[in-house]
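So the chains spell out like this:
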Amino acid sequence: AQSVSQHNHHVILSEAASLELGCNYSYGGTVNLFWYVQYPGQHLQLLLKYFSGDPLVKGIKGFEAEFIKSKFSFNLRKPSVQWSDTAEYFCAATSGTYKYIFGTGTRLKVLA
Amino acid sequence: NAGVTQTPKFRVLKTGQSMTLLCAQDMNHEYMYWYRQDPGMGLRLIHYSVGEGTTAKGEVPDGYNVSRLKKQNFLLGLESAAPSQTSVYFCASSYSFGTSGSGNEQFFGPGTRLTVL
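For the record, the sequence lines run as chains A and B. Using our numbering, read the first sequence as starting at 1 and increasing by one per residue. Using our numbering, read the second sequence as starting at 1001 and increasing by one per residue.
Everything labelled a hint here was simulated from the structure, so no lab data went into it. Among these hints, one or two may not hold up.
Stated by the list, open to error - Only some residues are given here: those of chain A computed to face chain B with a beta carbon under 7 Å:
hint	residue
1	Ser18
2	Leu46
3	Lys49
4	Gly103
Only a predicted model underlies this, so the values are computations on that prediction, with no experimental measurement involved. Note that CB positions come from ideal geometry on N, CA and C, so glycine has one too.
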C-alpha cells in the first residue's frame, strides 16, 4: 500500500540550530512530493514541492528538500531555524491519481 | 482572492444531530477534497470531487456524505453525528492532479473544529 512516513513526531530545537525532518514514501513509479506547514491555529500552506528535474528543491522561508530516489526519501532542511518556524510539518505524496497521502506530521518547537 | 474558505469555524454537536460543513473556493479549481485531521494520524481523505456534479469516496468515508452542485462549493454532511467524528475538518482544492507538477498542489481552508458530545 502507498504510504508516507515521518519518523520524527516531535522535534525541539534552539534558535539558529539546523533542521532536518525525515520523510519516506512507498510508491512505485513517478511520484510528486510536497512539504506543507501548519502554523498554530492556521491552515496548511505549501512550503515546497518536487515533481521532476533538480532533486534539490528550494521553497519559501529558507526551506529546502532533497529528493533521493534510491532511498525513497524527501527530507526537509533549514540551515538555521527561527522561533517563528514553530509549527507542524507534513510531508505528502501523489502518484498520478486524485489521492494525496499525508504523513502523520512532525511538531517542531523552536526555543528562543 | 479569498482562496478556500470554510464555515463554520467551530461547532459542537450532540450525538445523533446532523450538520453540513461548507467549503468554497474562488480559484476556479476543478478538484476539491475533504480531510479530517486527528492527533498522530495526519490528514485522512474523506471524500473528493473531480468536478461539478461528481463525488467519490476517500479513505474514511463512513458516516459522511458530500455534494458538489456548484464548481466552487463542496459540502460535507454528517447525518447522525458520533463522538468518533470529533475532529478538525479541512477542505482543499487543486487546479490539477497527478504527477505533471503543474498546479497539483493543494490549497487548504482554515478548518472546522467539530466536537460531538
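Return the numbers of the hints above that this structure violates; sort them in rising order. 1
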